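Q: The whole structure should be built from the sequences, with the hints applied where relevant.
Line by line, the protein sequences are chains C and B.
Letter by letter, the first sequence follows residues 0 to 930 of numbering that gives the first Met the number 0.
Letter by letter, the second sequence follows residues 0 to 80 of numbering that gives the first Met the number 0.
It is worth saying that the hints were derived from the structure and are not from the lab.
Accuracy of the hints is not assured; some may be wrong.
[Claimed, not checked] One-sided excerpt, in silico: chain C residues whose CB lies under 7 Å from chain B: (1) Ile325; (2) Glu489; (3) Pro616; (4) Gly617; (5) Asp625; (6) Ile779; (7) Ile791; (8) Glu793; (9) Thr797.
Every value quoted in this text rests on a predicted model; they were computed, and no experiment measured them.
Backbone N, C-alpha and C define an ideal beta-carbon position, used for all residues, glycine too.
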Amino acid sequence: MRSRQDSDFSTPRRESARTVTLEIDGRPVAVPEGTSVIRAAAEAGINIPKLCATDSLEPFGSCRLCLVEIEGQKGYPASCTTPVRDGLKVRTESPALARLRRGVMELYISDHPLDCLTCPANGNCELQDMAGAVGLREVRYRAGANHLHAEKDTSNPYFTFDPSKCIVCSRCVRACEEVQGTYALTIDGRGFSSVVSPGQKQSFAASECVSCGACVQACPTATLMENSVIELGQPEHSVVTTCGYCGVGCSFRAEMKGDLVARMAPNPNGQANHGHSCVKGRFAWGYATHPDRVMRPMIRKSIDQPWNEVSWDEAIAYAASEFKRIQQKYGRGSIGAITSSRCTNEETFLVQKLVRAVFGNNNVDTCARVCHSPTGYGLKTAFGTSATTQDFDSVMQADVMMVIGANVTEGHPVFAAQMKRRLRQGARLIVIDPRVTEIVRLPHVAASYHLQLKPGTNVALINAIAHVIVTEDLIDEKFVAERCDPREFETWKRFIADERNSPEAAEKITGVAAEQIRGAARMYANAPNGAIYYGLGVTEHSQGSTMVLGIANLAMITGNIGRLGVGVNPLRGQNNVQGACDMGSFPHEFSGYRHISDPVVRATFDAAWGVQVDPEPGLRIPNMFDAALDGSFMGLYVQGEDVAQSEPNGKHVTAALQAMECIVVQDLFMNETAQYAHVFLPGSSFLEKNGTFTNSERRISMVRKVTAPIAGKEDWEITCELATALGYPMKYRHPSEIMDEIARLTPTFSGVSYAKLERLGSVQWPCNDKAPAGTPVMHIGEFVRGKGKLSITEYVPTEERTNSQFPLILTTGRILTQYNVGTQTRRTANASMHAEDRLEIHPADAELRGIRDGDMVAVAARRGETRLRASITERVQPGVVYTTFHHPESHTNDLMSEHSDWATNCPEYKVTAVQVKALAASEQARAAAGG
Amino acid sequence: MDIEHLVMMANDIGAYFAGYPSHDEAVVAIEHHLRHFWEPRMRRDLIEYAARGGAGLKPLVREAIDLMARQTGPEAEDRND
Numbered sequence: 000m001r002s003r004q005d006s007d008f009s010t011p012r013r014e015s016a017r018t019v020t021l022e023i024d025g026r027p028v029a030v031p032e033g034t035s036v037i038r039a040a041a042e043a044g045i046n047i048p049k050l051c052a053t054d055s056l057e058p059f060g061s062c063r064l065c066l067v068e069i070e071g072q073k074g075y076p077a078s079c080t081t082p083v084r085d086g087l088k089v090r091t092e093s094p095a096l097a098r099l100r101r102g103v104m105e106l107y108i109s110d111h112p113l114d115c116l117t118c119p120a121n122g123n124c125e126l127q128d129m130a131g132a133v134g135l136r137e138v139r140y141r142a143g144a145n146h147l148h149a150e151k152d153t154s155n156p157y158f159t160f161d162p163s164k165c166i167v168c169s170r171c172v173r174a175c176e177e178v179q180g181t182y183a184l185t186i187d188g189r190g191f192s193s194v195v196s197p198g199q200k201q202s203f204a205a206s207e208c209v210s211c212g213a214c215v216q217a218c219p220t221a222t223l224m225e226n227s228v229i230e231l232g233q234p235e236h237s238v239v240t241t242c243g244y245c246g247v248g249c250s251f252r253a254e255m256k257g258d259l260v261a262r263m264a265p266n267p268n269g270q271a272n273h274g275h276s277c278v279k280g281r282f283a284w285g286y287a288t289h290p291d292r293v294m295r296p297m298i299r300k301s302i303d304q305p306w307n308e309v310s311w312d313e314a315i316a317y318a319a320s321e322f323k324r325i326q327q328k329y330g331r332g333s334i335g336a337i338t339s340s341r342c343t344n345e346e347t348f349l350v351q352k353l354v355r356a357v358f359g360n361n362n363v364d365t366c367a368r369v370c371h372s373p374t375g376y377g378l379k380t381a382f383g384t385s386a387t388t389q390d391f392d393s394v395m396q397a398d399v400m401m402v403i404g405a406n407v408t409e410g411h412p413v414f415a416a417q418m419k420r421r422l423r424q425g426a427r428l429i430v431i432d433p434r435v436t437e438i439v440r441l442p443h444v445a446a447s448y449h450l451q452l453k454p455g456t457n458v459a460l461i462n463a464i465a466h467v468i469v470t471e472d473l474i475d476e477k478f479v480a481e482r483c484d485p486r487e488f489e490t491w492k493r494f495i496a497d498e499r500n501s502p503e504a505a506e507k508i509t510g511v512a513a514e515q516i517r518g519a520a521r522m523y524a525n526a527p528n529g530a531i532y533y534g535l536g537v538t539e540h541s542q543g544s545t546m547v548l549g550i551a552n553l554a555m556i557t558g559n560i561g562r563l564g565v566g567v568n569p570l571r572g573q574n575n576v577q578g579a580c581d582m583g584s585f586p587h588e589f590s591g592y593r594h595i596s597d598p599v600v601r602a603t604f605d606a607a608w609g610v611q612v613d614p615e616p617g618l619r620i621p622n623m624f625d626a627a628l629d630g631s632f633m634g635l636y637v638q639g640e641d642v643a644q645s646e647p648n649g650k651h652v653t654a655a656l657q658a659m660e661c662i663v664v665q666d667l668f669m670n671e672t673a674q675y676a677h678v679f680l681p682g683s684s685f686l687e688k689n690g691t692f693t694n695s696e697r698r699i700s701m702v703r704k705v706t707a708p709i710a711g712k713e714d715w716e717i718t719c720e721l722a723t724a725l726g727y728p729m730k731y732r733h734p735s736e737i738m739d740e741i742a743r744l745t746p747t748f749s750g751v752s753y754a755k756l757e758r759l760g761s762v763q764w765p766c767n768d769k770a771p772a773g774t775p776v777m778h779i780g781e782f783v784r785g786k787g788k789l790s791i792t793e794y795v796p797t798e799e800r801t802n803s804q805f806p807l808i809l810t811t812g813r814i815l816t817q818y819n820v821g822t823q824t825r826r827t828a829n830a831s832m833h834a835e836d837r838l839e840i841h842p843a844d845a846e847l848r849g850i851r852d853g854d855m856v857a858v859a860a861r862r863g864e865t866r867l868r869a870s871i872t873e874r875v876q877p878g879v880v881y882t883t884f885h886h887p888e889s890h891t892n893d894l895m896s897e898h899s900d901w902a903t904n905c906p907e908y909k910v911t912a913v914q915v916k917a918l919a920a921s922e923q924a925r926a927a928a929g930g
Numbered sequence: 000m001d002i003e004h005l006v007m008m009a010n011d012i013g014a015y016f017a018g019y020p021s022h023d024e025a026v027v028a029i030e031h032h033l034r035h036f037w038e039p040r041m042r043r044d045l046i047e048y049a050a051r052g053g054a055g056l057k058p059l060v061r062e063a064i065d066l067m068a069r070q071t072g073p074e075a076e077d078r079n080d
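A: Following this line, the structure appears as structure tokens:
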């Protein structure tokens, strides 16, 4: 149920250039054409009673409460399904209307348990409100057939379905269809027998329900209710904040009971999510108070000793003294830090400042490099800026969407729901993915083309698509002439037109039929608006940057840049991947993607920080590990990241961690990396801090403290204290002061302030004098770099090859209910929804190896071996196996190679040559038990 | 630093820029990339390795490293002081 504090205009807002003027209760009202009468009334401050209407759903006209009188019209039309007309005279209250509404309510209440005092919705129930609004005083109907004893469905761990309280308004069913696009709910039966049913009379857990919470949010009674509210009662205050999970950056209202979160309700005014949510953001926040949270700082002299709990002062002083000792012994470049894509912009900015201003080097890197650094490199090279070109809402103008290497419904579910809405409106879809991801075929959504390529052959495929566009004269010549560098375009055109880039040549490499490639290329090039969305299936390759350049080439030659409905849109995995990159977490760049070798830029930082920043690039994470094994890198400060689990080639990583003399881990939980740490500093969750996150669409949103930090300090405070202990006082009183410094030092953030974010809700950078309210669409009229650069994108096969010993390609991805390495989601009821990582294998490959569905199997790669349970499925093609990486016991990353993107060292997670073997029965049992 | 890894990464960079239409542009681009993205001790190790024969380095990458060595000078910019 929506919060009472959210205004509900009953039906969705309509866009129209034409304004209609009507009269409601004698008041003139002007609204866009297409608006409903009930919405026009609501906008004029007149609330017509209603139950089935809500402004997140199309009008339905079933509850018969919103009846009105219209002058000159017979009967009592439902105001939700009646559009406004010029000159309409509407009356919302009359004795006749009151009588009708009371009669309707009387019928509803006659089949409703009158347990308001003990109902979890008491005080926040639309049915209760409407009974009051229509003046219902008695129910005349005697007891008869009813639904009062219908059994509750408690199969979902997060909410309860109590059909005895259902008024069959269909808001939940419509929310599942219209908002989420899953179609898991239906109305089963007819007339008095009508009941809401998940699937074919299944339980919620057994149905196709994805636990997004849209039905719960839409329910006007206590029929669908969060278990946390059932347990705690109705919340009494709330704080608007931003989700700490994926890069969609949903706005939520943290609804509180004292200092306990009673529920996280999606914010209808959230500019990224418009009131929608997914199972993680909506429900999986319990990790924040999980007993596993580390509450006290700890130190130990060596990793074979037990931890000792110490005071904050002692822990900080010890970390500082160790870093000083290491630098004295091994040199200035012997220590560094890793920032986190889960922390705020302010916290990330401070860590890179600590490295540059206090450590005196540029040895700072981020987990954002591990997943999306090719985006930064590729888009900056092509367009001059390292980020998406569009906002999410732009997808509603797209005619053709090309989704490359992104499992949108599982990785970015709330944006995927919007994408599906546009597809249901008629937009066409091209999916490029080795696997049959969910978006390929869904209720009312089907890809026109699914180019199911072999992992590692992206570049050959994108080149072939470009080849078709060039050789079939589908180029947007005007755009190219006006917007792109002519010399580079001519060079590129000669390269791409070569026969080696033809679809026929690509077919041999990619396994995708040439005609399919040609068809997809024509569809994209001929679209009035063609938009490309991509994910880690593009970046996590040895040619990740080349592929991003290839995507940029495609958008430029078809003129699909610089307006709504087009663009190149990287979808970021963790909540603040974009922000971590923006804040200067890379060893070669300051905030705002300015190279550290630029003396003019460097001088601004030198002056602001009172130091001389090193003009040379620092070490990236894998370089840090190499240097550790080399003996020249001995100290590491890791904020909110678990490199031991997330970095590839796990044995190499742990050897490097063991070689270091001081590792400081700052995190919520005792993670895998902490096994090698000497200092543990307890971090704070997103519910315990102030700051900002920047989502996939460059949208900067406020993160607000809803409860005090459990361990005592916000993460930014810890970094300040470490810097101060190292002799460089950092004395910020509030993260707003850090943002002010970011704004002073970063041209694309110069107009950003907490006051503005409070006023506007969020802004998309660049936000400066030229764009004081931010920039939803970039590169309008001109690229940031001036002329767009078309780059040569020669296909270079990865060195990770299959052979007779390792004949299969393992590729990896995500699942909806888990997040990244599972640190948070495994500590919630989501664990029951995806209890283990599974290996997907094609039936042909399974049969060849004697593997049955559900068997534990051995997965061997050149660098290691692990055991996983097999799922036999045609979602993967023969020769390809797939798994997720959400559970540490899977050791998926131990299998990965040392290969990485040539430009950025983004690891090649998506291509690993493996062999899969069945286990003997005795081994099966041992492996299943974790042995 | 693990020279085999450095050689592999340098060759990967070279493999991309080998697609450039002009040999000289490719050499300059590789050198530029190494200078802008690699930490000095990595560049130093690579230069020293190339000076010792540079086994396994692709010819184009060798040229870029030679160019970098000439531009860097003999001090090999050790910033790990």
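Q: Now, for every hint given, state plainly whether the structure supports it.
A: These are the hints, each one checked on the structure:
1. Here the hint on Ile325/C is broken, as its CB sits about 12 Å from the closest CB of chain B, past 7 Å.
2. Contact between Glu489/C and chain B, as hinted, is not supported at the beta carbon level, the nearest pair being about 10 Å apart and thus beyond 7 Å.
3. Residue-level restraint check for Pro616/C holds (minimum Cβ-Cβ distance to chain B is 5 Å; threshold 7 Å).
4. Evaluation of the Gly617/C hint against chain B yields a held restraint, the C-beta minimum of about 6 Å falling below 7 Å.
5. At about 5 Å, the closest approach between the beta carbon of Asp625/C and any beta carbon in chain B falls short of 7 Å, and the interface hint on this residue holds.
6. The closest approach between the C-beta of Ile779/C and any C-beta of chain B is roughly 29 Å, which is over the 7 Å cut-off, so the hint fails.
7. Of the supplied interface hints, the one on Ile791/C holds, with its beta-carbon coming within about 5 Å of a beta-carbon of chain B, less than 7 Å.
8. Restraint check, Glu793/C versus chain B: the minimum CB separation of about 3 Å is within 7 Å; hint holds.
9. The beta carbon of Thr797/C is not positioned within 7 Å of any beta carbon in chain B (closest approach about 10 Å), and the interface hint is therefore violated.
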